[in-house]
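Undergrad: Using the sequences plus the hints, can you model the full thing?
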Amino acid sequence: MSDDILVVCDLKKHFVVGHLGLVNREPITVKAVDGVSFGVREGETLGLVGESGSGKSTIAYMTVGMYQPSSGAMSFKGRDLFVNGPKRPLALRKEIQIVFQDPGSSLNPRRTIQQILELPLRLHQPSKDPLEEVVRLLDMVELPPEYMQKYPQMLSGGEKQIVASARALATNPSLVILDEPTSALDVSVQGKIINLLIRLQREFNLTYLFITHDLSLMRNVASRVAIMYLGKICEIAETSEFFSRPQHPYTQMLLSSIPVVSEEEERARPAKVISTGEIPSPVNVPPGCSFHLRCPYVMEVCKQVDPGMISISEGHTVRCHLFTEAGQ
Amino acid sequence: MSAALSPLLEINELVVHFKVYGGVLKVLDGVQFKVYAGEKVGLVGETGCGKTTTMKAILRILPMPPAHLPRGEIFFKGEDLLKMRSSQLSRVRGRGISMIFQDPTAALNPVFTVGQQLEPVIRYALPANRNLSREQIRQKAVIPLKEVALADPERLLDSYPVQLSGGMRQRVCIGMALATDPELLIADEPGTSLDVTIQDQVLRLLHDLVENKSTSVILITHTLGVVRQMTDRVYVMYAGNMVEVAPTKKLFANPRHPYTQGLMQAVPKLTGGGIAAGIPGRLPSYLNPPTGCRFHTRCPHVMDICHREKPPFFKVEADHEVACFLYDQNAQAPPKEASPS
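Residue numbers (the numbering used here), protein chains in the order written: chain A, 181 to 508; chain B, 245 to 585.
No lab work stands behind these hints: they were computed from the structure.
Treat the hints with caution; some may be incorrect.
[What the hints assert, rightly or not] Pairs of lysine-lysine residues, derived as DSS-like cross-links and limited to a Cα-Cα distance of at most 27 Å, are as follows:
#: 1; chain 1: A; residue 1: K211; chain 2: A; residue 2: K483
#: 2; chain 1: A; residue 1: K257; chain 2: A; residue 2: K274
#: 3; chain 1: A; residue 1: K452; chain 2: B; residue 2: K493
#: 4; chain 1: A; residue 1: K452; chain 2: B; residue 2: K457
#: 5; chain 1: B; residue 1: K270; chain 2: A; residue 2: K452
#: 6; chain 1: A; residue 1: K330; chain 2: B; residue 2: K270
#: 7; chain 1: A; residue 1: K257; chain 2: A; residue 2: K192
#: 8; chain 1: B; residue 1: K494; chain 2: B; residue 2: K390
#: 9; chain 1: B; residue 1: K327; chain 2: A; residue 2: K452
TA: Here it is in structure tokens:
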């Protein structure tokens with residue numbers, strides 16, 4: 181699509197974690213991301229949801245350039261992100277920023293908030309007065325200017341995450357990756373951060389790639405949702421379509437497993453799909469569809485052939501044999 | 245639960261302080277808590293509100309010092325646990341009260357096999373088991389692992405915890421905690437470190453097991469949805485105090501304490517409708533906790549009296565109590581608060 185700001189095409193990231201055998205030394209690989217394709221539209225919030233080990237953070241780290249993909253391509257506004265290998269041009273780095281999950285470890289404890297916020301400013305906007313910019317950034321995220329002199333450990337978890345968001349916005353990016361920005365925080369604090377992020381998105385026309393395992397949060401924040409399981413995307417759809425007509429058996433299992441707080445929500449969940457089995461280790465992904473060991477609708481074909489992405493309606497794609505010709 | 249029945253566990257006015265460099269952390273501030281036989285009680289509150297401290301005080305596994313208990317009683321079947329000698333206490337731990345911890349990876353010793361950790365539990369669970377041979381104990385050790393629906397339990401006994409997945413480790417912990425047939429099980433965030441689908445499995449398993457054995461349960465969690473699904477009655481805790489107690493259904497249909505209301509609204513809903521702003525401010529410091537009601541610094545309905553006095557429990561219904569001056573019948577009519585969304 182022409183309005184896609186980020187295009188990901190058959191992206192793979194395999195980590196070698198060890199070797200098998202003494203003579204032939206066959207490598208043991210973890211297929212953290214294994215053939216993922218999607219696009220992120222300008223100005224939207226794409227929710228990338230999955231359980232631990234599904235590869236969602238690996239995608240985030242490749243997008244910001246912390247990892248090199250094993251194969252596949254990523255382009256941002258038509259420019260290949262890995263054209264120079266690991267050395268990404270400064271202008272591109274400025275455009276894509278990230279907020280990490282744990283603000284306790286992503287902020288340097290020996291630096292003041294001023295020093296933390298100045299670093300990206302000095303690097304990317306050397307012509308501006310850094311002090312003035314720091315004040316502007318703090319004002320933007322509704323923190324008083326006195327906070328400049330504080331150290332991260334003097335702030336609460338929520339405030340630290342606000343500082344981390346301000347740092348990500350310091351370079352004036354167009355795409356911000358939010359890697360579980362609120363999962364280390366209590367729910368009473370989560371609301372404040374999320375509402376701040378939504379306001380900033382509107383003000384600066386930001387595009388968010390929102391990584392989380394919290395589907396209830398995505399229902400309220402994302403414009404589209406993609407579900408990952410063991411390094412692959414199983415289903416991707418517009419938020420309202422996704423929650424009203426979930427198609428992939430894994431999505432249904434996930435949605436029906438969410439603990440909810442009211443009867444209305446219970447009715448909004450799909451019929452109970454009893455969760456069985458364990459999530460296989462990414463070192464040892466089962467052949468065929470990686471979900472077939474836990475799937476209530478498993479067929480013979482699922483054990484042998486990995487299904488491709490099938491478009492079932494406008495903007496709604498599912499990777500499941502229930503919708504392929506082989507499965508009919 | 246009838247009034248004539250005496251509770252299985254009763255905590256009265258429990259105060260726990262921690263002496264640290266720079267002062268005294270006044271963590272628990274007169275906690276009241278009851279569990280009746282066969283009941284599943286939830287304890288909800290956010291990080292740092294004192295849930296785990298309360299439970300560790302019950303089992304007397306708080307590190308002392310720095311912790312000390314200036315006041316309070318904890319009765320288990322009529323006996324004060326805080327006055328017990330350690331020999332008496334070791335009879336309560338395990339057979340009387342058992343605990344499942346949040347992080348099964350930290351709860352299991354990595355250098356011993358599952359069998360090496362489970363077999364002593366079986367041996368000391370019953371006096372009759374003391375003199376059994378190792379082979380007999382091993383055969384008995386298979387039973388709790390089968391109960392928690394683990395495949396191939398014989399092989400598991402020889403496995404090390406690192407060889408198991410997170411969900412399997414938590415099942416082993418559950419099996420171990422229930423192997424002694426305790427009267428009361430304390431489950432401290434049993435699903436928090438697991439993925440949603442695995443959490444669902446583990447919680448359903450735990451639910452079925454305690455139903456079958458009619459074990460009383462205290463479920464500690466910060467996830468409101470889990471409490472709603474698992475418990476009969478709920479205590480809500482804030483900054484070292486119980487602020488509200490009610491049957492689970494009533495609490496979720498009609499939360500009364502401003503903190504409970506704020507918490508419920510802050511949970512993102514699967515039905516959409518945006519995210520509530522949450523509760524302003526942050527948990528107060530335990531070094532200098534606010535006077536009066538500890539929630540008054542963040543409360544939208546704060547009154548003069550809240551600054552001065554600590555609210556006792558007020559009954560809004562026979563089984564629904566709230567520690568908030570808004571519900572003091574003698575002072576004023578209870579407010580017509582907006583129905584919780």
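Undergrad: Determine for every hint whether it applies to the structure shown.
TA: Now the hints, each set against the structure:
1. A hinted pair counts as satisfied when its Cα atoms are at most 27 Å apart, and K211(A) with K483(A) qualifies at roughly 18 Å.
2. For the suggested pair K257(A) and K274(A), the alpha carbons sit about 13 Å apart, so the restraint of at most 27 Å is met.
3. At roughly 21 Å between alpha-carbon atoms, K452(A) and K493(B) fall within 27 Å of each other, so this suggested pair holds.
4. Of the pairs offered as hints, the one joining K452(A) and K457(B) holds, with about 26 Å between alpha carbons and a cut-off of 27 Å not exceeded.
5. Restraint check for K270(B) and K452(A): not satisfied, since their Cα atoms lie roughly 45 Å apart, outside the 27 Å limit.
6. For the proposed pair K330(A) and K270(B), the alpha carbon gap of about 26 Å is at most 27 Å, so the pair holds.
7. For a cut-off of 27 Å, the pair hint linking K257(A) to K192(A) stands: about 20 Å separates their Cα positions.
8. Proposed proximity of K494(B) and K390(B) is contradicted: the alpha carbons are some 36 Å apart, above 27 Å.
9. Restraint check for K327(B) and K452(A): the C-alpha separation of about 48 Å exceeds 27 Å, so the hint is violated.
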